[in-house]
Amino acid sequence: MQKAWTKWSLNQWLTDLEHRHAQEVQLGLERIFEVAKKINVHVPECKVITVAGTNGKGSTVSALEMIYHTAGYKVGTYTSPHLIHFNERIRVNLNPISDEDLCQAFSFIEEAREQTPLTYFEMTTLAALLYFKQQNLDIIILEVGLGGRLDATNIINADLSIITTIDFDHQHFLGDTLEAIGKEKAGILRQGKPFIYADNNPPLSIINRARALAAPSYFFGSDFSVREHGDEWEFCSGSRNIKKLPKPRIQLKSASAAIMASILLQQDLPLAEEHFYVALDRVCLPGRLQYQQDIISILYDVAHNAQSARLLAEAIKKIEGGGRVHAVFSALKDKDILGLIVPLRDCVDLWYPAELDNKRASSAELLLARFVDAEIFVDICYTNPFIAFQAALDHAVAGDLIVVYGSFFTVGHVLTAQHNILEQKGIL
Numbered sequence: 010m011q012k013a014w015t016k017w018s019l020n021q022w023l024t025d026l027e028h029r030h031a032q033e034v035q036l037g038l039e040r041i042f043e044v045a046k047k048i049n050v051h052v053p054e055c056k057v058i059t060v061a062g063t064n065g066k067g068s069t070v071s072a073l074e075m076i077y078h079t080a081g082y083k084v085g086t087y088t089s090p091h092l093i094h095f096n097e098r099i100r101v102n103l104n105p106i107s108d109e110d111l112c113q114a115f116s117f118i119e120e121a122r123e124q125t126p127l128t129y130f131e132m133t134t135l136a137a138l139l140y141f142k143q144q145n146l147d148i149i150i151l152e153v154g155l156g157g158r159l160d161a162t163n164i165i166n167a168d169l170s171i172i173t174t175i176d177f178d179h180q181h182f183l184g185d186t187l188e189a190i191g192k193e194k195a196g197i198l199r200q201g202k203p204f205i206y207a208d209n210n211p212p213l214s215i216i217n218r219a220r221a222l223a224a225p226s227y228f229f230g231s232d233f234s235v236r237e238h239g240d241e242w243e244f245c246s247g248s249r250n251i252k253k254l255p256k257p258r259i260q261l262k263s264a265s266a267a268i269m270a271s272i273l274l275q276q277d278l279p280l281a282e283e284h285f286y287v288a289l290d291r292v293c294l295p296g297r298l299q300y301q302q303d304i305i306s307i308l309y310d311v312a313h314n315a316q317s318a319r320l321l322a323e324a325i326k327k328i329e330g331g332g333r334v335h336a337v338f339s340a341l342k343d344k345d346i347l348g349l350i351v352p353l354r355d356c357v358d359l360w361y362p363a364e365l366d367n368k369r370a371s372s373a374e375l376l377l378a379r380f381v382d383a384e385i386f387v388d389i390c391y392t393n394p395f396i397a398f399q400a401a402l403d404h405a406v407a408g409d410l411i412v413v414y415g416s417f418f419t420v421g422h423v424l425t426a427q428h429n430i431l432e433q434k435g436i437l
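Reading the sequence shown from the start, the letters are residues 10 to 437 in the working numbering.
Check before you lean on any hint, since a few could be wrong.
What the hints assert, rightly or not - In the BS3-like style, the derived pairs of lysine-lysine whose C-alpha atoms are separated by at most 30 angstroms in a straight line are:
| hint | residue 1 | residue 2 |
| --- | --- | --- |
| 1 | Lys83 | Lys252 |
| 2 | Lys142 | Lys83 |
| 3 | Lys12 | Lys142 |
| 4 | Lys142 | Lys253 |
| 5 | Lys202 | Lys47 |
| 6 | Lys252 | Lys326 |
| 7 | Lys83 | Lys56 |
Calculated directly from the structure, the hints in this document are not laboratory data.
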């Protein structure tokens, strides 16, 4: 008898997986590794780079993806979360997986797992690995979902690992000190395999883990660095300097880490310097400092912790225009909401807080209370981010800037609503 889920649409699968996510599942990699072995995806037949970190993971992955794609390699990329469509999480040569291929992967895994419980993220990770196995790839780039040591992506032994930054986020899972958080993220390192740290001042827990594993280590600021020259920049690493690189639409630390990784794997995946120039000119990560310049300009950023909010504030201050800054903001209740608001306090003129249609979302009462704590006067909380965005548009005049930030859900909601309006008008 045919099982019902063999005919499910992608929406049906995602609804089912979200229900599973709400169930309490034992932590550990034993369950997912057991199923991975059963479907034979636990040892990829190509090179693998795993990227962890508090911030900058997505931009580093995007830079790597574009570098290898530009060089003509077949690249599989796994990221999370998505902004608009779930399929964005699993890509081959920049193209998202189709609904049909994703449903087939879920069905295959569902059959294979039998009685083994798997979470939303574990099922998605296995679906990505299964799809990648079928694609005859040259390289896979995996973005860690949460932490590192116990993340589903860590069932794979990467040929090279990158930790972008360490800061406070998800403390209830990872620990409440930078050393503890660093220790969890350092779980992706492997014996004797190269490791890159893409920020200044790495926690000792990471340094000690790299030493214990005899992992050749490359630290930003000492083993590689950047020099800015107007609209260009220079990658510096020992005797290897790459000059006159175009300024990408991502952070230079992320771009430099991607270049460093590409150089370290050059023996197996050769690259020419021209690939770096072309790739960095093309790379663009939706929702990360995504700037639309117009009569009223818009800046989208998924900043959802204090460190990323500080980086967003720096970016806002660099935008020329002279008009007022309007901020559309919503956040999840388990985030440091005050830490998200305060860094932008001096550069935002008008705030438009909004609720989210999400079980983890902050209530209107909580959001407004945090604005009181930040000594910012706000007297209304909108029912969703797009309504808040429309209010910002109504109040903005030529030369103003609207910033949309606080979570992936915030940015995704506004972008999805805009996309739907354009589609209805026949523009898309």
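Restraint status (C-alpha distance of Lys142 to Lys253 at most 30 angstroms): Between Lys142 and Lys253 the Cα gap is close to 38 angstroms, so the pair fails against 30 angstroms, i.e. violated.
Distance restraint between Lys202 and Lys47, which requires alpha-carbon spacing of 30 angstroms or less: Within the cut-off at roughly 26 angstroms; holds.
Take a quick look at whether Lys252 and Lys326 sit within 30 angstroms of each other, Cα to Cα. holds (27 angstroms)
30 angstroms Cα cutoff - pair Lys83, Lys56: Holds. Lys83 to Lys56 sits at ~11 angstroms (cutoff 30 angstroms).
Just to be careful, I want the Cα atoms of Lys83 and Lys252 compared with a cutoff of 30 angstroms; is the pair within it? With a Cα-Cα distance of about 27 angstroms, the restraint between Lys83 and Lys252 holds, given a limit of 30 angstroms.
Holds or violated: are the alpha carbons of Lys12 and Lys142 at most 30 angstroms from each other? holds (25 angstroms)
Going straight from one Cα to the other, do Lys142 and Lys83 come out at no more than 30 angstroms? Roughly 12 angstroms separates the two Cα atoms, so the pair holds.
In this structure, only the earlier hint numbered 4 is contradicted, and the remaining ones agree with it.
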